[in-house]
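As you go down the protein sequences, you meet chains R and L in turn.
Under my numbering, think of the first position of the first sequence as 1, with each following residue one higher.
Under my numbering, think of the first position of the second sequence as 222, with each following residue one higher.
Please keep in mind that the hints were generated in silico from the structure rather than gathered at the bench.
Among the hints, erroneous ones may be present.
Think about it this way: if two alpha-carbon atoms lie no more than 20 Å apart in a straight line, the pair counts; the simulated SDA-like pairs of lysine to any residue are [as the list claims (entries may be wrong)]:
(1) L:K621 to R:K30
(2) R:K84 to L:A232
(3) L:K224 to R:Q120
(4) L:K629 to R:H200
(5) L:K228 to R:L101
(6) L:K238 to R:I95
(7) R:K30 to R:Q67
(8) L:K224 to R:E117
(9) L:K238 to R:F138
(10) R:K59 to R:S218
(11) L:K310 to L:K432
(12) R:K59 to R:F215
(13) R:K119 to L:K228
(14) L:K224 to R:Q99
(15) L:K238 to R:T114
(16) R:K75 to L:G323
(17) L:K224 to R:T114
(18) L:K378 to L:L588
(19) L:K289 to L:V477
(20) L:K629 to R:K136
(21) R:K136 to L:R236
(22) L:K455 to L:L588
(23) L:K224 to R:K59
(24) L:K273 to L:L353
(25) L:K621 to R:Q76
(26) L:K228 to R:T123
(27) L:K398 to L:G323
(28) R:K136 to L:A232
(29) L:K264 to L:L588
(30) L:K432 to L:Y305
(31) R:K136 to L:R235
(32) R:K116 to L:T291
Derived contacts from chain R toward chain L, CB cut-off under 10 Å, selection only [claimed, not checked]:
(33) Q76
(34) D182
(35) I183
Taking CB as the label site, the calculated pair distances span [to be verified]:
(36) L:T626 to R:K116: 31 to 39 Å
(37) L:L516 to R:G130: 36 to 44 Å
(38) R:D173 to L:L516: 48 to 56 Å
(39) L:R237 to R:K116: 28 to 36 Å
(40) L:V606 to R:D216: 50 to 58 Å
Being a predicted model, the structure only gives us computed values, none of them experimental.
We treat Cβ as the ideally placed atom computed from N, Cα and C, and that holds for glycine.
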Amino acid sequence: MIRLQNIEKVYRTDTVETLALNKVNLDVAKGEFLSIMGPSGCGKSTLLNIIGLLDEPSKGEIRIDDQKTENLSDKQLAQFRNSKLGFIFQSYHLINDLQVLDNVELPLLYRNTTAKERKQLATEALAKVGLSNRIKHFPTQLSGGQKQRVAIARAIVGRPEIILADEPTGNLDSAMGNEIMDILLQLNKNDGTTIVMVTHDENMAHKTHRLVRLFDGSQVQ
Amino acid sequence: MLKNYFKIAIAVLRRRKFFTFISLFGISFTLTILLVLTAFIDKVVGDNYPDKKRDRSLYVSRVSQTGKNTMSSSPPSFYFLDHYVRTIKTPITIAISSGFNGTNTYVNNKKIAVNYKYTNSEYWEVLEYDFLEGKAFSKQQVANSDKVAIISADMKKEYFGDVPNVVGQYIEADNVKYRVIGVVQNVPITSYMTYSDIYLPYTVAKDGDYKNNKGYQGGYYGILLANSASDLDKLHNEYEQMIQRLKPEQKEFDRVSSHADNYIRSYVDTGDDRHSGVFIVVTAISIFAFILMILPTLNLVNINITRIMERSSEIGVRKAFGASSSTLVYQFIVENIILTLLGGVIGVILSFIVLQVINSAHLIANLELSINFMVLFIGLLVCLVFGLISGVYPAWRMSKLNVVTALKAQ
Chain R
1 MIRLQNIEKV YRTDTVETLA LNKVNLDVAK GEFLSIMGPS GCGKSTLLNI
51 IGLLDEPSKG EIRIDDQKTE NLSDKQLAQF RNSKLGFIFQ SYHLINDLQV
101 LDNVELPLLY RNTTAKERKQ LATEALAKVG LSNRIKHFPT QLSGGQKQRV
151 AIARAIVGRP EIILADEPTG NLDSAMGNEI MDILLQLNKN DGTTIVMVTH
201 DENMAHKTHR LVRLFDGSQV Q
Chain L
222 MLKNYFKIAI AVLRRRKFFT FISLFGISFT LTILLVLTAF IDKVVGDNYP
272 DKKRDRSLYV SRVSQTGKNT MSSSPPSFYF LDHYVRTIKT PITIAISSGF
322 NGTNTYVNNK KIAVNYKYTN SEYWEVLEYD FLEGKAFSKQ QVANSDKVAI
372 ISADMKKEYF GDVPNVVGQY IEADNVKYRV IGVVQNVPIT SYMTYSDIYL
422 PYTVAKDGDY KNNKGYQGGY YGILLANSAS DLDKLHNEYE QMIQRLKPEQ
472 KEFDRVSSHA DNYIRSYVDT GDDRHSGVFI VVTAISIFAF ILMILPTLNL
522 VNINITRIME RSSEIGVRKA FGASSSTLVY QFIVENIILT LLGGVIGVIL
572 SFIVLQVINS AHLIANLELS INFMVLFIGL LVCLVFGLIS GVYPAWRMSK
622 LNVVTALKAQ
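Okay, chain R solo, but in the shape it has when bound (with noise of 0.2 Å):
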């Protein structure tokens, strides 16, 4: 599903080179949860980025679903993004502006879609992370918790087949963190969607099928 071949990322300033990757290369097969871990400054959130497209590599190749990402548009790799890829972010990433419905529909307002349809998926992907009866709130009258499930179910409305999750428990307490993890492992389990989750946390990255460690910019494990 997700193939990185010498991934490599450079960050460059006038003075100094730093190497955030250096030849990762991973296979993410379809339907799998995959979970990267490493200490801080490792270059997790660098190789998600570079996943989902957000961020270009130095060097190397990406494939999704057997498709080369390299030269693709700023029009062709929004319009893959939004059919393919889903994100949820540490600090969730809503938009205050606007309720929790409107949040959820957004990534369907990049999409040929009637508000009606866009009102019933967000409804129905509402429902799913069990917020049904907050959907005219907005993001500052919710719980973190709340927060990151409004978060998973903007991730999921479009039904992208790939979640990127950049530690979505991180600012959770254990409870809660349990709470996300479970939805994340049923979307895993029951839609077959494939997971590549960055976290800090060992409880929860055992829980998923496979871990990929990083130390400095190099897989390790």
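Please build the complex by placing chain L on the supplied structure of chain R, with the hints as guidance.
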């Protein structure tokens, strides 16, 4: 999609109320000034009461004599209009009238400021005043130096009060009593060639300037009415030739100049042949409007950049979930147009209030300003331009943001 943009635009406006106030104030205030200004210009240029035959009229408002180091410029004399201009062969009717003069008169010991002007009888044929009662003075009455007067509706009300008829009654101006023979609808003072409170036959003028002054320059205006609009070019050329034949009156001058122009050109005539008055006025108004508009636009660009950058997390999320750069630019421009149109609506309401105040305060005699559809259309167009100019650059800059950087910014 648009509904979603609208929702977020309103939410953003409500979030930073002070910024919103400054933006809206900038737009609506500028628009108000522009609308009032255009309403004013529209009135002055567009209102054709009482000279409804502008399409076949030429206006003579100035005669200049220039020498090497000296220049004299003033309205033409009665003699100039009556003697020289009448030599033109194209058939015309010449309305001659003096500029208006001010005097005081008293009614029941109350002082009233009155403007009066002198006209010939053709004046009433060339110009189509609306007579509320009575009629204009005849050629015979002018020849007889009859002390008759035509007064404006406002003058009637001020001098005689609310009475139905005043024809036949007497009005005193400049210590002379005149018999009122007609009452006409008011003319705004901005139509300086036709405005007055009282109109009198030129033959009753005490100074006798109309017969004593045989020079070119004096204090009268002429409106030359041709039989048809197609005669105007011929008339204009013939007038120029007639002027060229005139010899300067004094040694220090070497040239006489004067033009019979259409209404707009004559209105803004500066007396300087090298630069057209129209050019100067249009340039001045354009520069003024440009400066007036550029300041709030720059202000808006600035505020928009700050506002948009505050939303970098939103930009990151939208991009991550499938918005392309162009979609984002579109979104922010739509938002900005919503903002400027809102400012536009407030501006139109403000203009309406300002015009009402100007009208009811009678700052300018008989001038009734109003918002017309053309002015409204210009106003909305200006808003749209505002929205585009001030939205495009910030939106473009923001759409180029790297997603990862945008997301980190929160």
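Going through the hints against the structure:
Between the alpha carbons of K621 (chain L) and K30 (chain R) the distance comes to roughly 33 Å, so the proposed pair goes past 20 Å and is violated. Of the supplied pair hints, the one linking K84 (chain R) and A232 (chain L) is violated, its CA atoms being roughly 30 Å apart against a limit of 20 Å. Between the alpha carbons of K224 (chain L) and Q120 (chain R) the distance comes to roughly 17 Å, so the proposed pair stays at or under 20 Å and holds. Distance hint between K629 (chain L) and H200 (chain R) is fulfilled; the C-alpha atoms sit about 19 Å from each other, no more than 20 Å.
Using a Cα cut-off of 20 Å, the hinted pair K228 (chain L) and L101 (chain R) holds, with the two alpha carbons roughly 13 Å apart. This hinted pair checks out: K238 (chain L) and I95 (chain R) have alpha carbons roughly 18 Å apart, not beyond 20 Å. As the CA atoms of K30 (chain R) and Q67 (chain R) are separated by approximately 14 Å, the hinted pair is consistent with the 20 Å bound. Proximity of K224 (chain L) to E117 (chain R) is assessed by CA-CA distance (about 15 Å); at most 20 Å being required, the pair is judged to hold.
Distance hint between K238 (chain L) and F138 (chain R) is fulfilled; the C-alpha atoms sit about 19 Å from each other, no more than 20 Å. A distance of roughly 14 Å separates the Cα atoms of K59 (chain R) and S218 (chain R); the hinted pair therefore holds under the 20 Å criterion. For the given pair, K310 (chain L) sits about 24 Å from K432 (chain L) by alpha-carbon distance, which is inconsistent with the 20 Å threshold. The straight-line distance between the Cα atoms of K59 (chain R) and F215 (chain R) is roughly 19 Å, inside the 20 Å bound, and the hint therefore holds.
For the hint pairing K119 (chain R) with K228 (chain L), the CA-to-CA distance comes to about 15 Å; that is within 20 Å, so the pair holds. In summary, the hint linking K224 (chain L) to Q99 (chain R) is supported, as the alpha carbons are separated by about 13 Å, within the 20 Å threshold. Between K238 (chain L) and T114 (chain R) the alpha-carbon distance is near 33 Å, which puts this suggested pair outside the 20 Å criterion. Restraint check for K75 (chain R) and G323 (chain L): not satisfied, since their Cα atoms lie roughly 73 Å apart, outside the 20 Å limit.
A distance of roughly 12 Å separates the Cα atoms of K224 (chain L) and T114 (chain R); the hinted pair therefore holds under the 20 Å criterion. The hinted pair formed by K378 (chain L) and L588 (chain L) meets the criterion: a straight-line CA distance of about 17 Å does not exceed 20 Å. Distance restraint check for K289 (chain L) and V477 (chain L): the Cα-Cα separation of roughly 13 Å lies within the 20 Å cut-off, and the hinted pair is therefore satisfied. This hinted pair does not check out: K629 (chain L) and K136 (chain R) have alpha carbons roughly 27 Å apart, beyond 20 Å.
At most 20 Å may separate the alpha-carbon atoms for a hinted pair to count; K136 (chain R) and R236 (chain L) meet this at roughly 18 Å. Proximity of K455 (chain L) to L588 (chain L) is assessed by CA-CA distance (about 35 Å); at most 20 Å being required, the pair is judged violated. For the proposed pair K224 (chain L) and K59 (chain R), the alpha carbon gap of about 42 Å is over 20 Å, so the pair is violated. At most 20 Å may separate the alpha-carbon atoms for a hinted pair to count; K273 (chain L) and L353 (chain L) meet this at roughly 17 Å.
Pair hint K621 (chain L) plus Q76 (chain R) holds up; C-alpha atoms about 16 Å apart against a cutoff of 20 Å. At roughly 19 Å between alpha-carbon atoms, K228 (chain L) and T123 (chain R) fall within 20 Å of each other, so this suggested pair holds. Between K398 (chain L) and G323 (chain L) the alpha-carbon distance is near 16 Å, which keeps this suggested pair within the 20 Å criterion. Taking the CA atoms of K136 (chain R) and A232 (chain L), the gap is about 15 Å. The hint holds against a cut of 20 Å.
A C-alpha spacing of about 8 Å is found between K264 (chain L) and L588 (chain L), which places the hinted pair at or below 20 Å, so the restraint holds. With a CA separation close to 14 Å, the supplied pair K432 (chain L) and Y305 (chain L) stays within the 20 Å bound. For the hint pairing K136 (chain R) with R235 (chain L), the CA-to-CA distance comes to about 18 Å; that is within 20 Å, so the pair holds. Using a Cα cut-off of 20 Å, the hinted pair K116 (chain R) and T291 (chain L) is violated, with the two alpha carbons roughly 81 Å apart.
Against a cut-off of 10 Å between C-beta atoms, the interface hint on Q76 (chain R) holds, since the closest Cβ of chain L lies about 9 Å away. Of the supplied interface hints, the one on D182 (chain R) is violated, with its beta-carbon coming no nearer than about 24 Å to a beta-carbon of chain L, more than 10 Å. Nearest Cβ of chain L to the Cβ of I183 (chain R): about 19 Å, over the 10 Å cut. The hint is violated. A hinted range of 31 to 39 Å holds for the C-beta pair T626 (chain L) and K116 (chain R), which are about 36 Å apart.
The hinted range of 36 to 44 Å is not satisfied by L516 (chain L) and G130 (chain R), whose Cβ atoms lie roughly 53 Å apart. Range check, D173 (chain R) to L516 (chain L): about 53 Å between beta-carbon atoms, so the 48 to 56 Å window is met. Here the CB-CB span from R237 (chain L) to K116 (chain R) is close to 33 Å, well matched to the stated 28 to 36 Å. The hinted range of 50 to 58 Å is satisfied by V606 (chain L) and D216 (chain R), whose Cβ atoms lie roughly 55 Å apart.
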